[in-house]
Amino acid sequence: MSAPTVTIKDLNKSFGQTQVLNGIDLVIQAARINFIIGQSGGGKSVLLKLLVGLLEPDRGEIWYGHQQMAGQPLKEWRRMRLKMALLFQEGALFDSMSVGENVAFPLWVHNRAGSALASQIARDRLKELELASAFDHRPSDLSAGERKRVALARALIMEPEILFFDEPTTGLDPLLSEQVDELILLTLERTGATVVVVSHDIPATLRLAHNVSMIFDGRIILSAPPDDFRRSGNPVIKQFLAGDADGPMGFLD
Amino acid sequence: MASPHSILLTPIAKVGSKTLGSLYHLGNYSLLVARALVGAVVPPWRVRGILRQMEMVGVDSIFVVILTGLFTGGVFTLQVIYGFRMFQAESLVGPTVALGMCRELGPVLTALMVTGRVGSSMAAELGAMRVTEQIDALTVMAADPIKYLISPRIVAGLVMLPLLTAIADFTGILGGYVVAVAKGVDAGQFIARIQEHVAVMDIVNGLIKSAVFGVILSSVGCYKGFYTRGGAEGVGRATTSAVVISYVTILVSDFLMTAIMF
Numbered sequence: 001m002s003a004p005t006v007t008i009k010d011l012n013k014s015f016g017q018t019q020v021l022n023g024i025d026l027v028i029q030a031a032r033i034n035f036i037i038g039q040s041g042g043g044k045s046v047l048l049k050l051l052v053g054l055l056e057p058d059r060g061e062i063w064y065g066h067q068q069m070a071g072q073p074l075k076e077w078r079r080m081r082l083k084m085a086l087l088f089q090e091g092a093l094f095d096s097m098s099v100g101e102n103v104a105f106p107l108w109v110h111n112r113a114g115s116a117l118a119s120q121i122a123r124d125r126l127k128e129l130e131l132a133s134a135f136d137h138r139p140s141d142l143s144a145g146e147r148k149r150v151a152l153a154r155a156l157i158m159e160p161e162i163l164f165f166d167e168p169t170t171g172l173d174p175l176l177s178e179q180v181d182e183l184i185l186l187t188l189e190r191t192g193a194t195v196v197v198v199s200h201d202i203p204a205t206l207r208l209a210h211n212v213s214m215i216f217d218g219r220i221i222l223s224a225p226p227d228d229f230r231r232s233g234n235p236v237i238k239q240f241l242a243g244d245a246d247g248p249m250g251f252l253d
Numbered sequence: 001m002a003s004p005h006s007i008l009l010t011p012i013a014k015v016g017s018k019t020l021g022s023l024y025h026l027g028n029y030s031l032l033v034a035r036a037l038v039g040a041v042v043p044p045w046r047v048r049g050i051l052r053q054m055e056m057v058g059v060d061s062i063f064v065v066i067l068t069g070l071f072t073g074g075v076f077t078l079q080v081i082y083g084f085r086m087f088q089a090e091s092l093v094g095p096t097v098a099l100g101m102c103r104e105l106g107p108v109l110t111a112l113m114v115t116g117r118v119g120s121s122m123a124a125e126l127g128a129m130r131v132t133e134q135i136d137a138l139t140v141m142a143a144d145p146i147k148y149l150i151s152p153r154i155v156a157g158l159v160m161l162p163l164l165t166a167i168a169d170f171t172g173i174l175g176g177y178v179v180a181v182a183k184g185v186d187a188g189q190f191i192a193r194i195q196e197h198v199a200v201m202d203i204v205n206g207l208i209k210s211a212v213f214g215v216i217l218s219s220v221g222c223y224k225g226f227y228t229r230g231g232a233e234g235v236g237r238a239t240t241s242a243v244v245i246s247y248v249t250i251l252v253s254d255f256l257m258t259a260i261m262f
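Taken in order, these protein sequences are the chains called A and B.
All residue numbers for the first sequence refer to the working numbering, where the first residue is 1 and numbers rise by one.
All residue numbers for the second sequence refer to the working numbering, where the first residue is 1 and numbers rise by one.
Think of the hints as simulated: they come from the structure by calculation, not from any bench.
Idealized CB from N, CA, C, for every residue including glycine.
Hints may contain errors.
Across the chosen pairs, the derived CB separations fall in these ranges [unchecked claim]:
#: 1; chain 1: A; residue 1: L82; chain 2: B; residue 2: G230; range: 30 to 38 Å
#: 2; chain 1: B; residue 1: G230; chain 2: A; residue 2: R231; range: 37 to 45 Å
#: 3; chain 1: B; residue 1: D60; chain 2: A; residue 2: E76; range: 47 to 55 Å
#: 4; chain 1: A; residue 1: H137; chain 2: B; residue 2: Q195; range: 56 to 64 Å
#: 5; chain 1: B; residue 1: V41; chain 2: A; residue 2: K9; range: 39 to 47 Å
#: 6; chain 1: B; residue 1: G116; chain 2: A; residue 2: D136; range: 30 to 38 Å
#: 7; chain 1: A; residue 1: T170; chain 2: B; residue 2: L8; range: 49 to 57 Å
#: 8; chain 1: A; residue 1: E76; chain 2: B; residue 2: V38; range: 13 to 21 Å
#: 9; chain 1: B; residue 1: A232; chain 2: A; residue 2: D10; range: 50 to 58 Å
#: 10; chain 1: B; residue 1: G16; chain 2: A; residue 2: Q19; range: 26 to 34 Å
#: 11; chain 1: B; residue 1: G231; chain 2: A; residue 2: G247; range: 29 to 37 Å
#: 12; chain 1: B; residue 1: R35; chain 2: A; residue 2: D136; range: 48 to 56 Å
#: 13; chain 1: B; residue 1: W45; chain 2: A; residue 2: S143; range: 32 to 40 Å
If you want a taste of the chain B side facing chain A, the calculated C-beta under 7 Å gives, among others [stated by the list, open to error]:
#: 14; residue: E133
#: 15; residue: Q134
#: 16; residue: D136
#: 17; residue: V140
#: 18; residue: M141
#: 19; residue: A143
#: 20; residue: P145
#: 21; residue: A259
With the hints as constraints, model all of the structure from the sequences given.
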């Protein structure tokens with residue numbers, strides 16, 4: 001499977017009485033940067049977790065190329081996960097390991113390389129991201145931006161066909177956000193992977209995305225290129241793009 | 001105002017809900033332990049990870065276990081001498097202390113001390129990993145978090161508790177010997193009576209108990225940490241809960257095993 005198209009059909013997810021996703025239909029374009037945006041608590045992270053199999057949907061289908069994954073057993077998900085990677089919001093680096101060990105970990109745990117070779121590959125990856133000097137440090141010694149870069153190095157080391165970013169610029173200053181945006185572009189350039197970014201960073205979305213999909217009220221209300229998004233007359237989209245507290249999206253919804 | 005119907009049924013519903021909740025956790029816990037044991041047996045074996053855990057469980061607990069054994073043996077001997085002197089049975093102090101340490105006090109107190117030290121730390125570590133998404137990261141990397149995180153910890157508990165218990169037994173008897181001799185018990189008698197009355201199975205059964213306790217403390221700590229919810233507060237609750245549940249389970253299982261073995 002080269003960089004896949006991901007097709008989501010009628011995906012539903014609830015937690016107790018709360019219906020979070022209410023029939024998501026979406027096509028994530030292969031080898032493109034796809035942004036999924038929406039207000040906080042709107043279900044973006046839930047959708048992401050469904051896409052990587054951390055949650056199971058109540059109903060619906062998730063197609064990776066020609067393979068339907070929703071409701072598949074763990075063995076199938078493990079096979080699929082070898083082709084994907086997820087950059088968590090806070091990086092999710094392993095505190096008990098050094099930076100080098102973190103980056104080499106996927107190679108080591110899947111017996112793709114012995115310790116020495118895995119370390120060398122990790123070193124090379126970190127060098128590409130200008131973090132070679134951090135190899136022996138602990139994640140807690142690094143800045144937020146550096147941790148994101150290490151997490152990206154770890155995500156890329158298995159050469160995934162699809163790469164997910166979970167709110168990559170949340171909590172970062174504008175300079176660091178810019179760096180992360182560059183990393184997203186670099187990822188596509190280097191790997192040709194399908195890139196999915198869950199975000200509520202509007203400037204980055206409009207600048208980087210090939211396609212933008214917005215979740216509101218548990219559904220996708222528009223999935224289109226950034227220019228079509230800007231021109232949309234939908235009041236929800238207009239309110240979100242303007243960052244306006246007044247509008248159909250209640251402030252304390 | 002609550003109806004008579006709900007006044008009667010609400011407490012019953014609460015008991016029912018608690019019972020169902022406990023059964024759910026028991027089932028979930030059993031599945032986790034089964035998966036971890038399978039993960040420990042099926043290759044690939046992460047030997048370095050297992051050795052690291054064994055160092056944390058065993059080597060780092062030696063000092064506290066030695067102290068526990070020494071003072072437990074000593075204080076037990078003080079109490080026993082007082083009673084036995086009433087019947088001129090001081091010569092039986094040695095075997096009483098040895099049997100008490102090997103069958104009961106050694107395994108149980110070692111397990112309780114290690115639970116407080118290691119069981120809580122396992123719950124805290126895995127709980128912190130859970131709330132910072134490190135366990136999710138392992139899952140998304142197609143690694144088995146149970147095999148990678150929990151199997152080595154359970155193996156470490158299973159292997160190291162009997163070794164620590166043996167140390168506690170020895171230091172307990174040593175502590176008892178020192179106190180007994182200081183209180184006027186004949187040193188030769190102390191040792192000779194132990195050899196007469198303490199059988200190999202007394203020691204072996206104690207070590208079997210300690211292996212079971214090792215699995216309990218490590219698996220309960222791992223279970224509570226692995227399924228932590230609710231941020232830092234959740235980690236704190238998981239840690240406390242792991243220790244309390246381990247303590248109670250160890251004491252109950254000790255009673256059951258003692259009834260069967262001795």
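Okay, the hints, checked on the actual structure:
The beta-carbon spacing between L82/A and G230/B, approximately 32 Å, falls within the hinted interval of 30 to 38 Å. At roughly 43 Å, the beta carbons of G230/B and R231/A sit within the given window of 37 to 45 Å. At roughly 41 Å, the beta-carbon separation of D60/B and E76/A lies outside the given 47 to 55 Å, and the hint is violated. H137/A and Q195/B have their C-beta atoms about 57 Å apart, which keeps the hinted 56 to 64 Å range intact.
Between V41/B and K9/A the beta carbon distance is about 40 Å. The supplied range of 39 to 47 Å therefore holds. In this structure the hint that G116/B and D136/A lie 30 to 38 Å apart at CB holds, the actual value being about 34 Å. The given range of 49 to 57 Å is respected by T170/A and L8/B, whose C-beta atoms sit roughly 51 Å from each other. Separated by about 19 Å at the C-beta atoms, E76/A and V38/B satisfy the suggested range of 13 to 21 Å.
Distance hint for A232/B and D10/A: a CB-CB separation of about 38 Å, inconsistent with the stated range 50 to 58 Å. The beta-carbon spacing between G16/B and Q19/A, approximately 27 Å, falls within the hinted interval of 26 to 34 Å. Range check, G231/B to G247/A: Cβ separation about 32 Å, and the 29 to 37 Å hint holds. A hinted range of 48 to 56 Å for the beta carbons of R35/B and D136/A is inconsistent with their spacing of about 34 Å.
Here the CB-CB span from W45/B to S143/A is close to 37 Å, well matched to the stated 32 to 40 Å. Hint on E133/B holds. Least Cβ distance to chain A is approximately 4 Å, under the 7 Å limit. Contact between Q134/B and chain A, as hinted, is supported at the beta carbon level, the nearest pair being about 5 Å apart and thus within 7 Å. Of the supplied interface hints, the one on D136/B holds, with its beta-carbon coming within about 6 Å of a beta-carbon of chain A, less than 7 Å.
A distance limit of 7 Å between C-beta atoms decides the matter here; for V140/B the minimum to chain A is near 5 Å, and the interface restraint holds. A hinted interface residue such as M141/B counts as satisfied when its beta carbon comes closer than 7 Å to some beta carbon of chain A; here the least separation is about 5 Å, so the hint holds. Because the beta carbon of A143/B sits about 5 Å from the nearest beta carbon in chain A, less than 7 Å, this interface hint is met. Annotation: P145/B was flagged as interfacial toward chain A, and the flag is violated, the nearest CB pair being 11 Å apart, outside 7 Å.
Checking A259/B against chain A by beta carbon gives a least distance of about 40 Å; that is not within 7 Å, so the hint is violated.
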